[in-house]
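Asker: Chains as they are written, first to last, in this note's numbering: chain S, 286 to 672; chain R, 92 to 695; chain E, 181 to 481; chain H, 614 to 791; chain B, 2 to 226.
What the hints contain is simulated information worked out from the structure, not anything from laboratory work.
Ideal placement from N, C-alpha and C gives every residue a C-beta, glycine not left out.
Where hints are given, some of them may not hold.
Claimed, not checked - Covered stretches of chain R, going by a simulated chain H footprint (3 or more residues, C-beta under 8 Å):
(1) 215-229
(2) 583-596
As the list claims (entries may be wrong) - Partial selection, computed: residues in chain E whose CB lies under 7 Å from chain B:
(3) Ile224
(4) Val232
(5) Leu237
(6) Asp345
(7) Ala349
(8) Ser402
What the hints assert, rightly or not - The calculated DMTMM-like cross-link candidates involving lysine to aspartate or glutamate, where the alpha carbons are at most 25 Å apart (straight line), are:
(9) B:Lys24 / R:Asp205
(10) S:Lys499 / R:Asp94
(11) B:Lys24 / B:Glu57
Each chain, written out:
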Amino acid sequence: MTAGADVLAATDPRPPIDLSSGKYLKLWQGPQHPGITGNMSIELTVCGDEVVEGKTHVGYLHRGFEKLMERRTFIQVFPIVCRVCVPEPDFNEYCYAAAIEELAGIEVPERARWIRTLILEMGRINSYLMYLGGQAGAFGLGVIGQWTTHVRDLMLDRFEEMTGARIYHMFILPGGVRDGLPDGFDRRMAETLREIERTMADVENVMFHNAVFKKRTRGVGVIPVDLVDTYGITGPNARAAGLPNDVRKDHPYLVYPELRFEPVIGHESDMYARADVRRRDLLVSIDLIRQILARMPRSGPTMSRLPNVLHWKIPRGETYVRGECSRGEYGYYVVTDGSGYPRRINVRGPSYTHAMALLEHLIPGTNISDVAALMVSLHTYPPEIER
Amino acid sequence: MRDVLSPFLAWKNLFREPVSIADPLNREAAPRYRGFHKNDVSKCIGCGTCETICQNGAIDMVPVAGFEPKDGDSGLRPRIDYGRCCWCALCVDVCTTGSLTMSNAYKWIDADPDAFRFVPGVDAKSWDEAEDGYRRADGHHLTIRERVPMQELAPEVRVGGFDEIVAGYDVALAKLEADRCVSCGLCIAACPTHMSIPQYIEAVRDGDYRRGVRLLYETNPFSNTCGRVCTHVCETACALRNEGDPIAIRWLKRHIMDQVSQDEVREIIGAPAPATGRKIAIVGAGPAGLTAAFDLAKAGHAVTVFEAAEKPGGMLRYGIPEYRLPYDMLDRDIDAITSLGVEIRSDCRVGRDVAMAELHEGHDAVVLAIGLHVGRSLRMPGSEHPQVRKAVDLLRSIGEGMSFDVPRTAVVIGGGNVAMDIARSLARLQKLTHGEVKVTVTTRKEPGHIVADPEEVRECGEEGVVIAYARGPQRLVIEEDGRLTGLLTWRIVPKIDDKGRSATICDEGDAVVHPADMVVEATGQAADVGLLGEALTEELAWNRDRLAVDADGRTSLPWLWAVGDCINGPDVVHAVADGHRTAAAIERAFAETSIERTRPDARR
Amino acid sequence: MTFDWMKIPYALLTLIIVVNYGLLLTALVQKIAARAGRRHGIPIWQNYIDLVKNYALRTSISHGVMYYLGPVFRLTGGVGLLLFVPSLYGSEMFSNLSFAGDLILALYFVFFGTLGMALGAGESGHPYSAIGVSRGLSQVTAAELPLALAVFSVALQYQTLSVTDIVAAQQGGITNWTLFTNPLAVTAAMFSFLGSMMRPPFDVVLAPQEIPIGPPTEYHSSYLALMQTNRALFPVAKMVIYMNLFFGGATSWPIFFLKIFLIYMVSALVGVVFPRFRVEQSIRWFLVWAVPVGVLAILVV
Amino acid sequence: MRTLLARLKERFALGPITEQRPDLAFVTVERETLRPLLRHLRDAEGFTHLVLLTAVDWIEEGLFQLTWLVHDRRRARDIGLRVMVARDAPVMDAVHDLWPTAATYQRELKEMFGIDFPGSPRIDEEFILEGWVDIPPYRRDFDTLKFSEETFEHRAGRGTTDPATHMREHLGIQGGSK
Amino acid sequence: MRDEDMNERRIGVRDELRKRIVKGPDGIEFEVDPISDYYCDARPEVRPGAYAGIVESLFNWARSESLWILGFGTGCGAIEMRPLMTPRFDAYRYGIQWRPTPRQANLFVVSGYLSVKTLKRVIRSYEQMQNPKYVVGLGSCTINGGMYWDSYNTIKKLDQYLPVDVYIAGCMPRPEALLAGFEELKRIIRAGKAEGANLYAENFDWYKANQKRVIHDWDMPDYNW
């Protein structure tokens, strides 16, 4: 299986493109482009309606996080990590905190572990809702985006009342979480989950049982299953190809070992399968949240004792901590050198491989109309690519 | 077919009310929302920890009108730049007083980009009164509030002797305690001698004890001593005191000295400056005199210290019991000073063995550092009785190793640290000679208002000393055979007088006789100024019974300086500060006269 | 043939009524579509404000004569279409400039605006415009086919090329409408109608997600305002034809407004709930579904 | 993991090994060993997924540490291969033929650290930065604050006071060290 | 080519394209070489309101009630745009719409930090918008660099590169704050004070000099206004 991959990458089967022939047209999608989920661009070479080459261009959102982290103390890194990935920031907080806790040898209180899991699942729902709206919107089915954004807003309200912020929650501190759940949270959360379920039923009817949507997505943008490992594809993109890749199962973290769920798997590996896997995974997350709320401890500390954060030093070491975010494997590679500052932090976002190498591989041969949708269907978030 | 029809279900929303918020412009954020900052400026102490933790560089500490620096308050307040802030609320989490919070207000719109900067609590904002907003959760503190406990002898063990009670931190514990410091530096101003406290605490964290000793000796040659018995006003100014225990600054200082050998200490102090040819006489080898001696000797002057007692150290040796300050620790401090070439003439009482006039003749300057060695008496009926003793005298006898009949029961009058010292010393002696402790301390104060350090009071109780609060001593109970049997006290009742001032009256109805074979008065001390001689006493200006001095410690005579307890009352670290101040003043005076000397015709 | 000069001011009055109605109607339909998304949507008068705003912009850039003429052509298409078909049947005042062979002219005008637009957008030089134009032309051609067939069928059915006559033939009860007398032709025409309304599933021409709104990408300021005017006018004009040909026309303004609204809603009803086809998919769809129905309609007649 | 490392030791010259977790180990290898080792891990040991490729700048030692982290999903374990490259001549062998995604990482490393991977596709193209004029920004000797202050203008009017210094000045405190 | 040669060849050029010394609004003088500095063939022109009194007021009202936002999410803040467009906040109610092309938009919401690479695109997009046009700076990053104050790749003061009408504090500002910001912008527009486009034209050289200082690689094709 993998032996073929070498050949695949080594020899480019496509003929060279002669732009001066007049047969081709250069087309830029983005960065100012509504079909792109964030601020990035794809340089397309089209021949008629068919795209013969697509090059991704990133860096429009580059803030130099990995550099900035190196000149901040361990606690000061905490507020900036969430900014790495705007639509689903909590995985940054979790992975960073977990890596630091591992290197510094800090135990996290039980209650904090449950709350962290809760937050991550809430974030996953948000991210999927945003994806569903985007995927439908990419085909001009705007109404889905209206509904999903509305229920996402409800979820943001839950985030807000729990963490004190809508988007950048900054709640998962190294050592635990900032606070417990507010009064009445369970009730409002149950209501929100019901509303999301109702909306998801509508979404299923309008989007997934939709002749035109099926026509646009079935058999389009297929990721061959043997590319999954070669291209480092993880998360729903891999699961839609029939592989049960799910970090929550493969490397259980937080309280996932105690929760009942099965990875959602699709088979066709086309855009429809990917959308459907995400829709069903969202329902799994709803179920997980219900399990968490039913079983989490309601009292006890939420933070373990940290050394004085103003001059917190961590011994030399390196580690890699991963989590299953809505797009796949999210990981932090942290190297410390014994000082009060991280030596190096490398953020491994799934979008990095999905939106660049994989997208460039998938684009040739597609129709221009499908490029934006294809990009959306890989569910990539540009801010985490360039950091 | 379903795939064609089912999408039309979307239209059912046509008959549902839209979910839009009717008035989004006035929607309130969640109660925990991290909105704009609030600061209770009267609670804020301007420690700047918020500034330190802010990773955005969004916080500046700025002086604010109406807030002057004072002990435990820098007078600065945080100013926040919303062109930088990221609303992470780490500043709120780390705030040492809990004064900094966040409202849930979130609307700030302005066409002027320079407007987004304000001092919360000072620049009035619409959200100053907001009730909701981000607060720290219960128990969520980024600062560590509990002090690392010090290993100490159990009460039953320590009362059986004069061994030092506290063991001192080991390196690991000291690091933990030093780790708590937020390095705000408020303590520096509070410390009479302005030690570089955050810096030497940092040295502990780094394990760089040589750096620590260097920093200590910049401001305090009595670090072994102060590390044990300092009144640590710095700890009352410590930012962490507001929401927990202050840093154990005193113990950390001691810890530094414990880690470095005496030879190394001498090496770190280094050699004095080249000799200047100036000579200085210092009367009294207590902390004030020796500190001045240290500074002056370091500057290259020839210093001679005249000490009446057998050994140098003054009150440190003869006033403080050994279980608090072991003599060899004091000796180490003194050794460091003499290593600079300071000559100490012990057993040489000025006025008896040498006259003030001689000192004046033979030296460029004379410094009086005679301390307070005379105990004051309440002069109540019966206080002439031989078994009524003064605390200073008794402590001195203990220090000198002289024996006296240890009373089976004793009463100590007074509520200060000296009372505690003598009570606890007596307790130890009782335990050693009689096997049981029967000491009562009577104080006029209510519990909690006592002058002595709380830990002294606590340890006193642990050692079996009884403290009788709110008792006003009236007279001594003397049997007809002349035997002292007790002390009669009346209950002190607090009262507000007609003019609204608080006063006290004695309740005769509540009289108690505290049985005692010996009554010790620990009710204040005075200086023994007899050594000055009549002529000099006449010549000098006085301020009641104390010598009048200027801010530098100079008396009305230009060659005579007076420092330490005899001027400023009893306190070690103040004495050290005095010593430094006066030494510096003498330096300045020398510098001025040296200019005069370059002009031979200027004089006479 | 005598020409009644009084028809001109009346035609202009029609124009004014229709433009205003179009502005309000498009806003109303947008609001209704917004309701499906569970929100309120734009204020009903928003189109007027946008129009004033766009006319009030201080700068504009021309890319050449055709660029300028594009919106003009487009508007001419709309105005022409409207002026040559009767708005109200039986009304002297509002039968406009209709004449015997106006059906053919109307069909021409339906296409004319698109062509003008294509030329103008092509001149702007923007690649998205170019792609949009090529998509638009191919899709419009495909969508026109069933319409042409349906019209042909209707013309055969009523044996006339005069719109007025066709309307006249449908009077006297709802069952006389072409909708019921020739349902196949109406179906074919409505398929075509969906294709020409620039709503999903046939809005790949504008496709904001792929080729930011296609042909009008470069249009702005007064050019855009001109096109907006047309956007209010043209659909109504087009629907007047549909109304006249298939739904019995209108004899009074209220019925006119109501019928136009309902016809418009058909496109919105479909448009809101379906994503868009790719251009070749939509052409195929027309060829597979709409054209056969049109052919069938002719055969049936 | 232990058995795997033992097996690898037999076939390859391995440097220092850090076992960070039971499922994660880091191994330092020589530059020449890397490719055969990666290939072996991928084809024979089931490490099919390249998680990341990144660099750490050990400026004090004059070295760049390159880390390839590969993942074996079936056995849920990771191994990180470290290669130390001289900072003054930073060149490394490209592995994009083993994993095409490596090309992206290699481009980033070239731009951000200045580590060259000859033969990697688009390696010399600008990747994230545009019109960059300074040394590669992820290098430790690049001071981002200084660069930011020199290049961009910050809003004027900021200035802070150190509490200790402020009290010193206002209370007329002498002595003590700063 | 030597400098004299350059000047020699420029004898024929229009006056406004000659090298000259210009004074910026901050009072600092600097040299401008339009041919290499403008990145376009002409500078924008100042276009004051053409009508007086009630007409201009009507126009300003219409402008304020018809804000067409360019759909260009430059930074984090873009994520709060979607809630604005959707049922919860439904900004369409307030005459606010999103446009995918700068030609049709007249409000640029700079949603947070701008990397240098994006700044270049933002400037180009801004210049393609038609006068009058407005800029809203969203979040701390546009005011004073925000949390990226020490980043090597983001600008700190947006008003150095583009004229900004209104700033909204927050990181990121909530949709409600954005709506309030838009209301404030409307007020400014109605008062006739939102003349950013003219400000840009007046101080074109200054803005260009600032832009040029950070954008080292300007490889955009020429374009007209």
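Asker: Any of the earlier hints contradicted here, and which numbers?
Answerer: 1, 2, 3, 6, 7, 8 and 11
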